[in-house]
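There are 2 protein chains.
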Amino acid sequence: MKGFMGRILRVDLTLSTVMVEEPPESIYRKYIGGIGLGGYFLRKETSGSTDPLGPENRLIFMTGPFTGTGIVSSGRHSVVAKSPLTGIWGEADVGGHWGLALKGAGYDGMIVQGSSAHPVCIYIDADSVKIEEAADCWGKDTYETEEILKARYGTDVQVQTIGQAGERQIGLAGIFTDGRDARAAARCGLGAVMGSKKLKAVVVKGNKKPELADAPTLREEMAELVKFQVANRDGMHDHGTSEGLIGNELSGDLPIRNWGRGAWDGKSERISGEEQTKQYHAVSFFCGNCVVGCGRKIRIDQGPYEGVSGSGPEFETVGSIGSNLLVDDLGAICKANELCNRYGLDTISVGGVIGFAMECYEHGLITDKDTNGLKLTWGSPEALIGLVHMIANQEMIGELLGKGVRKAAEKIGGLAKEFAIEVKGLEFPAHEPRVFNSTALGYATSNRGACHLSDMNGRFYEKALAMPEIGLFEKQDPYQVEDKAKMEAGLQNVAGLYDSLKECKFMVWFGVDTSKLLHWLNLVTGWDMSIAEFLLAGERIWNLRRQYDVDCGISRKDDTLPARILTQERGEGGSAHHLPPLNRMLSDYYVVRGWDEFGRPTEETLRRLDLVAED
Amino acid sequence: MKGFMGRILRVDLTLSTVMVEEPPESIYRKYIGGIGLGGYFLRKETSGSTDPLGPENRLIFMTGPFTGTGIVSSGRHSVVAKSPLTGIWGEADVGGHWGLALKGAGYDGMIVQGSSAHPVCIYIDADSVKIEEAADCWGKDTYETEEILKARYGTDVQVQTIGQAGERQIGLAGIFTDGRDARAAARCGLGAVMGSKKLKAVVVKGNKKPELADAPTLREEMAELVKFQVANRDGMHDHGTSEGLIGNELSGDLPIRNWGRGAWDGKSERISGEEQTKQYHAVSFFCGNCVVGCGRKIRIDQGPYEGVSGSGPEFETVGSIGSNLLVDDLGAICKANELCNRYGLDTISVGGVIGFAMECYEHGLITDKDTNGLKLTWGSPEALIGLVHMIANQEMIGELLGKGVRKAAEKIGGLAKEFAIEVKGLEFPAHEPRVFNSTALGYATSNRGACHLSDMNGRFYEKALAMPEIGLFEKQDPYQVEDKAKMEAGLQNVAGLYDSLKECKFMVWFGVDTSKLLHWLNLVTGWDMSIAEFLLAGERIWNLRRQYDVDCGISRKDDTLPARILTQERGEGGSAHHLPPLNRMLSDYYVVRGWDEFGRPTEETLRRLDLVAED
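Taken in order, these protein sequences are the chains called C and Y. Residue numbers are given in full-length UniProt numbering: position 483 of the first sequence equals residue 483, and the series is strictly consecutive. Residue numbers are given in full-length UniProt numbering: position 172 of the second sequence equals residue 172, and the series is strictly consecutive.
Hints in this document: simulated from the structure, not taken from any laboratory. Heads up, a few of these hints could be off.
It does not matter which identical chain is meant; a pair holds if it fits inside one copy or across any two.
Derived pair list, reagent style BS3-like, types lysine-lysine, alpha-carbon separation capped at 27 angstroms [stated by the list, open to error]:
{"no.": "1", "residue 1": "K407", "residue 2": "K557"}
{"no.": "2", "residue 1": "K557", "residue 2": "K411"}
{"no.": "3", "residue 1": "K557", "residue 2": "K403"}
{"no.": "4", "residue 1": "K475", "residue 2": "K267"}
{"no.": "5", "residue 1": "K198", "residue 2": "K227"}
{"no.": "6", "residue 1": "K403", "residue 2": "K475"}
{"no.": "7", "residue 1": "K297", "residue 2": "K205"}
{"no.": "8", "residue 1": "K227", "residue 2": "K463"}
{"no.": "9", "residue 1": "K2", "residue 2": "K375"}
{"no.": "10", "residue 1": "K463", "residue 2": "K407"}
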């Protein structure tokens, strides 16, 4: 089998056993890799009644057919598990170099099951897989852990680890890789799953490459593409993902004051990528096989946040813990970002819970006695940084906030529920459903809860892009309702392919399109996959996850948005008066999807997608 | 003070005390009577933390300034309490003759507080108020109870009572009056409040009349109006409220199969008012001071339901336990209706929970072992009648269903939540929010939960009527969004006036309009109230109740509709493809109302309405 290693590692931490499985090529072709293949295993091995923090949950790491092939920006991998934050399908996508090393060690993926009685790490190279003591790392942050493990195993290993947040099984804990060039499989609390298994880290080493069906053609095409990308990468390369943040504020596409406001007096400029470059010496860093380099390596060498160094905040972080909290102190944002990276926390959800907490505080639902006197006032750097510590250390109100806004709101009750900006229990990322109808429908229907990645960030296709492969021949008006469901479903299907191939979605801005992905897949594997089969795989991968959610109790009632988003105009800034017409879009969407009135894939749909067998 | 008796009776069942209070005229003028005055006392004396079934809850019966004046169709009274079904504001409006008798005994209203250790009834006449043993009535149905108490107190008393459902504190229990000519204060579970106080019945006798400011003019106007009404009452007089039911089916305005379908193959004709007349000898009966007579007195003298006699099913009943369950057997509907009247159950909510149960059964969420083998198949008369017994007797699944669809769905979980068609915990009445935008906004914002009465049945104003007093100069398109919130809020304010004056809302079809109500109020009281003051009182009465709900934890998130209604086209019948644009209407509505972003009356609004003082 070309393009894959053909081997999946299975580690049981209860039994301390290691096995290797070799799924047939038909499974690879059906689920592609990454999120698709991970989903296949998760669905087969867990169910609606699985305890996300119990030993029966699976923690699945998956590379894809692009990993290790030299295809541009393919240095990503997937993490899949049932989410302890939401109780449903959990996935997180992460860049860096760890996935490359896992495949380099000879494995397409790894399934971790069971749980250890004491802290361990797993070491994997081409010759061995070892479950080893990690007591020396337990209690250490992600940066420290990488240092300890590199000292132990050598500087040529890649380390994926949890911080103290994951150890404590906090709902907002992610899994981190690449040390100070931190890359995070941040969302859905998968770090808590890792912590529940007492698995501190997975250390991998390897530089094997998969055999390719047509390496020379691929190499040739890449050489050309790289040239193009280097010539066209400017904004994102120079200032990272938060470059030109003022544009987001002006269009209304930035969370401000826990999603309550539409403008911030232009203050977003103060926390933009350009300011990171200017103030904190930010320079690019790269995930595997990438020449764009949206990562920002920063260094703060004076002032109250002196000493911060390593990965700087990305757009999502700046939006979530910056504008959303009215914090315009970029140094504080960088400090809080570093703390999240070190503790191993998802900055998006952390921003969501802190925005929630500040609004509760404003309304007297959280008081000084819950915070040990810390004033949770809007815009306060002290509140931001103080709450990150409290969340990570489960102190005072931080313990509750660490469970996410949905559970926190249920506990606090009353008006607090109005402040919980989430879908299916997952906090909003930093794009606005009141600006783009695609974002509204996307957040409402995404399988892991509010997610901007699972639809290729659909708003791009309303701003500038087309995708002829799914019948979208030109950009679509953001407020358009007709055909929005069709566009959204199509984008979701394609996004699942990116996440299965393991290709960075930013590539749509840098000369990559859906047909090209398929072309490369065929060059890599030697398959003769048609665009129809390719898109069908995307649809399958979407429905696989939906069916998982359905088995967890998800239905039509859950495909919605918070009242604030659905019914409250912001009345200022861009898109001041638009409200997303979710009802109509959702009605259309179920028809497009071939789902029944409750949002369940019909038997016919499951049969068409060859998903019945696994039922 | 003219038009009122000026006296409110207060009975404490814990202390066995009776007191009389005489509120100042300013309070009457501010809250008018009925629901307004009842709300004033409820807000003053209970709170968000009051246990609806505890002795601290108040059960308030109120007449209005029209009661006893001879004004057409003013034989109604209000019942107000905190609802045990929903945990928020509870109100129920009821016709008959009981209110007339209470005022005839010299009281505008009665507040019951505390609770008795053993079953009692309260007897009230012009000379005395007595709390008396009612052990002989306890366990008896409403028809039997009336007979027992009339035998005891004489045939010239009016009896308001609960059945076994109220005694058992079942969430769907109402309070009934007029014996076999049953009239029900059905909604919000107020019968359970009465049961919790061990108060079986309130027996009243009296024929005092309030002093009127201008009796001759009023008498003259009524004589003329009565002539007009007798000449124009045909349809409703001849066949009751379910006359011409096929029209509701064809327009899409009928619940079919638990709100899942839009058409019923014309079968609604089989259960229409005309059929009651034809098959069951239905003749009119009247509430106090009414000449229209929408009540239907029926008699079934053969077949499986032989023996049913008394009040026949109204439109709401026929829709809720007929078409909504696909039951087209009119005899069975009449039988189930009689059972509900006897047990003392709300037919609307009973239809809601049975529709819910049938859909759960269809999906395997309720099985034969929950029903003792009773098959809950759509359209089954046996299932309908069997479940009414089970609910009233708290047998098997009936015990859970008696708590209402919201609590039942929470308990059963999963897909069951999709079948719970309610707002704020109150089951839908039998009109369709997917046909009339006013109905959608009305159900979403009504203070007691899904209610078609609290907006003057707004759809009338989309079909045929205008109300110039609130700026609605002609009928409004049902799908129109612009100005819908303004119309709806205006209608709600006026509806509160009807419910406070104690005037039947059907009168809008019989020569009565808002200005005339005010004119009569001034004739009755001698006030010189302006239309502005009158409408402001209506707005006050609405906000009073909203503020009560806010104190109970209600906010924007609760002003919504079930996913099925918001997002699922029915795809057949009238209004097959319309979905109510609730988001936009709600956003407008808060602005019109002067509420903040969370749906709370602002301080300015409360001040403007003179509602701050009570805070």
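Outcome of the hint check:
1. K407 with K557: both (18 angstroms within a copy, 16 angstroms between copies)
2. K557 with K411: both (21 angstroms within a copy, 16 angstroms between copies)
3. K557 with K403: both (22 angstroms within a copy, 21 angstroms between copies)
4. K475 with K267: Cα proximity of K475 and K267: none, with 30 angstroms in one copy and 48 angstroms across.
5. K198 with K227: neither (45 angstroms within a copy, 86 angstroms between copies)
6. K403 with K475: neither (39 angstroms within a copy, 51 angstroms between copies)
7. K297 with K205: within (24 angstroms within a copy, 86 angstroms between copies)
8. K227 with K463: So K227 and K463 pass the 27 angstroms test inside one copy only (26 angstroms; across, 67 angstroms).
9. K2 with K375: neither (58 angstroms within a copy, 57 angstroms between copies)
10. K463 with K407: Classified as neither: same-chain Cα gap 35 angstroms, cross-chain 45 angstroms, threshold 27 angstroms.
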